[in-house]
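J.: Chain by chain, the residues:
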Amino acid sequence: MNPEPVKHKFLTPGVFILIVLALNGLVFLAIRFIWGLGAVTNLDNYTPWGLWIGVDVGAGVALAAGGFTSAALGHIIHREHYHAIVRPALLTAMLGYTFVAFAVMVDIGRFYYIWHPLIMWNGNSALFEVGICVMIYLTVLYIEFLPIVCERFMGRVNLPGFLKAFNKPVDKLLTVLNSALGKTMFIFIIAGVVLSTLHQSSLGTLMVIAGQKMHPLWQTPVLPLLFLLSAIAVGFPMIIFESLIAARSFKMKPEMHILSKLGGMVAPILGVYFAFKIGDLFISEDFKYLMKFDTNAFMYFGECVLTLTAFFMFLSRRVLNSPLLLFIASTLVIAGVLLNRINNFIVAYNPFFDPNTYFPSFGEISVTVGCIAMLVLAYRFIVLNFPVISQEKS
Amino acid sequence: MKNLDRRSFLKVAAAGVSASTLGASQVKGAEIKLDENRIGVLVDTAVCVGCRLCEWACRTAHHLPTDALETYADDSVFKEFRRPDKTALTVVNEFENEKNPLLPIHVKTQCMHCEKPACVSACIVGALTKNQDGSVVWDGDKCIGCRYCMVACQFQIPTYDYDVSIDPQIRKCDFCEDRRKEGLLPACVNICPNEALIFGKRCDVLKIAKERIKRKPEVYVNHIYGENEIGGTSWMYIASKDFDKLKMATLGSSPAPGISEAIQHGIFAYFVPPVTLYTLLGTFMWVLKRRKEKSPEEIGDTKKEVIEEKKDEKGEEL
Ligand code: SF4
Ligand code: SF4
Ligand code: SF4
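Protein sequence lines, in the order shown, are assigned to chains A and B. Heads up: the first sequence is residues 287 to 680, going by our numbering. Heads up: the second sequence is residues 12 to 329, going by our numbering.
To be clear, the hints were calculated from the coordinates, so they are not data collected in a lab. Worth double-checking, as some hints may not be accurate.
Computed far set for chain B versus chain A, every beta-carbon distance over 10 Å [what the hints assert, rightly or not]:
{"#": "1", "residue": "Arg158"}
{"#": "2", "residue": "Glu222"}
{"#": "3", "residue": "Lys258"}
If you want the footprint, here are the derived chain B segments under chain A, 3+ residues with CB under 8 Å [stated by the list, open to error]:
{"#": "4", "region": "150–157"}
{"#": "5", "region": "171–179"}
{"#": "6", "region": "265–272"}
For each label pair, taking beta carbons as the anchor points, the in silico distance ranges come out as [claimed, not checked]:
{"#": "7", "chain 1": "A", "residue 1": "Lys578", "chain 2": "B", "residue 2": "Arg302", "range": "23 to 29 Å"}
{"#": "8", "chain 1": "A", "residue 1": "Ile405", "chain 2": "B", "residue 2": "Leu113", "range": "56 to 62 Å"}
{"#": "9", "chain 1": "A", "residue 1": "Ile405", "chain 2": "B", "residue 2": "Glu193", "range": "29 to 35 Å"}
{"#": "10", "chain 1": "A", "residue 1": "Gly565", "chain 2": "B", "residue 2": "Leu195", "range": "35 to 41 Å"}
Glycine included, each C-beta is placed from N, C-alpha and C at the ideal position.
Make a model of the complete structure from these sequences and hints.
T.: Put into C-alpha cells, the structure is as follows:
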C-alpha cells in the first residue's frame, strides 16, 4: 500500500466551477493591488482587520493543523498504521500555509516589505511571533515535502532536447538529496511540531492586546491555550474530511480502517477544548453576557452547539464506522472552529463608538473564496501527479 | 556504535533546536526608562472654544493639505462626530453642555502618547517607538502596513491610507517631533489662543490639572482622563462632563500590553519552553523508535539510557 499518483482526469464540471471562482477572486486581487485595500474591502480606521485576517489567516492556520498533529502521530509517536494519512495531511498543511502566507501578503498594506520581520524583530509582539514561526514552518513543510518530489522523479528524469545530457546528474542529485533528507528528516518533523504549537497558540495571543475592544465572551488571557487546543482538535477531522472528499471525487474506497481510528481520538481532544472554553467562561463570570441574547451571544451559542454535537457524534461507534456520519461529524468540528476564528477576529472585535458594523464586502469574499478554490485545484493537481495518496490494491 | 549514534543524534537535534526557535527574538521586553521630565499636555475641555486653529496648525506643520485658515471658523463640521484620519492627525468635536447649553464642550482628539503604549508593544517590526521624552513616533521605513497597531490601540488613533496601494502611511500625532527639535512648541499648543492646551513636564501638567479641578469643583468632574487610563498617558484631559459621554472610552488602569506581553514572555522565556519541548519530543521519538527496533528484553536498558541522557542535557543547558 504505497502512495502513488492518483489515476483520474483533472477536468470535471466541479473543477470548472472552481476555476471560475478562482478567476473571480483574481479580478478583485488585481483591483486590490492597483488601487489599494479600500477599493476592495470594507475595512476602515475603526476596523483594520476583517475577513482576510479572520478567515484566511486565523482559520487557515487552524485548519492546516492536521499537518503537525498527523506528523506527531505518524512519526513521533510512531504509529506506522497511520502513515497513509501523513502525506495527504502534509500536502494540505503545505498548501494551507502557502495560502496563509499569500493572504498575509494580500492584507498587509506594504506587501513589498513582507520580509521586514526577518531582520526587524520585536519580541513583545504576538504578531511577530506568529509571522516568523509561520515563515519558518512553511520552509519546514516544503522540506518535508521534498522527498515526495524526489520519489516522483528518481529514475525517471527525462529532460527535453539538449538538456538530456543532464538526466544522469540530476537523477544522482535527487538520489543523494533523498537519502540525506531521509536521514535528517526527524529534525524537521520535530521542528514542525514545536513551531506549530508556538504559532497556533500565539495566534490566540494576537487579540488579547485589543483589550476592551474584544467582547468579554471571547477576551480571556487563556486565548492562546484555547487556540492551541482547538487547532489540535480540528486536525484529525480535517484529515477525515479531505480523505472522504478525495475518495468520493476520485472514486476510491474510503480508508475507513484508518479514518475510524483517527475519529476515535477526536472526542477526547474536543472534550478537553470544550471543557477549557466553558470553564473559562464560568471562572471569568462572563456567562452573564450570554443572557443578553444579542449577536455575540448567538454566535457564541453557535460555536458551542457545533462543537458539542460533534463531540457526541464522535463518541458513538456507529458514527465512527459510517463514512457519511463521520463526514458530517468532521464537518461540524471544522465549522465550529471556523466560526470560532471568525468570532474571535471579527464578531468579538467591537471598536468603541464605531458608527457602522463591519461586514465583509463582495470583493473580500470573492478573494477568500477564490484563494480556497485555487488551493483545492493545486491539491488536485498534486495528488494526480505525485505519490501522495495511498490506495489499497484491488 | 550505540554511543556514537546517540551523540550524533543529539548534535543534529541541537541544530534543529536553534533552527526551530530562531523566530523568538530577545525575550526581555526592551523596557525603556522614561525620563522623569518627560513631556505632557493638559487639554482643558472647559476652556477650549472649538476654534479648530489647532487642526489647521497641525495640518500645516505636517504638510497635509488644508483649506484656508478662514474656512475653519465654519462650525457646521461639528454636526457629525469626526475622528483623526489620513487628512488630519487631530480633530475637535463638539458635545452638548447640559450645565450651560450656550457653551458647548469641545474635545480635541489625537494620539495620547501612552506611558505604556499598546501600539509599540504590538508592532510586528518595531516601527513604533516610545521615546524617553514620552512621545511615541512611527518609522515609515520599517512599517509593513499590517495595521496591528490599530487593533492594539485602545484610543483607536493610528489611521491607515486605504486608498493607495503603494506606500500607504500609518498616520498619527508625532508630538511635533520636528518642531520640538528646533525648540518650538507643538503646533497645536503654540497656536491655541485660549490656553486650553497646556504643555510642560507631565508631572507639572498633572499638578495643574489637579489644581484646576480643586479650584472649580462645580465646573469639573473629579477625573483626570489619562492620569491612570491603561497605565497613564502623556496627554490628559479634564472636563465638565463624564468622559464616556464625550465619546472617550472608559478604560481600566492596567497597561494595555501587560497581559499580552506576559503571555509572550511566558511562552518564550529565554527559549526554554520551545527548546524543552523540542528535546522532549526528540527523546520521545527516539525512544519509541528504538523500542520498535529492539527486542522486548532490551527495552529496560533503553529507559535507563534515556534517564541518563536527560541528566546530560540538563547539565548542558545550565
Ligand atoms: S502635537 Fe502636533 S501633531 Fe500632535 S495634535 Fe498638536 S499639532 Fe498635531
Ligand atoms: S494612543 Fe494609541 S497610538 Fe497613541 S501611543 Fe497610545 S497606543 Fe499608541
Ligand atoms: S501597520 Fe506598521 S506601524 Fe502598525 S503595527 Fe503594522 S508595521 Fe507596525
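J.: For every hint, state whether the structure bears it out.
T.: Comparing the hints with the structure gives:
no. : hint                            : verdict
1   : Arg158                          : violated (4 Å)
2   : Glu222                          : holds (30 Å)
3   : Lys258                          : violated (5 Å)
4   : 150–157                         : holds (count 5)
5   : 171–179                         : holds (count 8)
6   : 265–272                         : holds (count 5)
7   : A:Lys578 x B:Arg302: 23 to 29 Å : violated (55 Å)
8   : A:Ile405 x B:Leu113: 56 to 62 Å : holds (58 Å)
9   : A:Ile405 x B:Glu193: 29 to 35 Å : holds (32 Å)
10  : A:Gly565 x B:Leu195: 35 to 41 Å : violated (56 Å)
Going down the numbered hints, you'll see the structure goes against 1, 3, 7 and 10, while the others check out.
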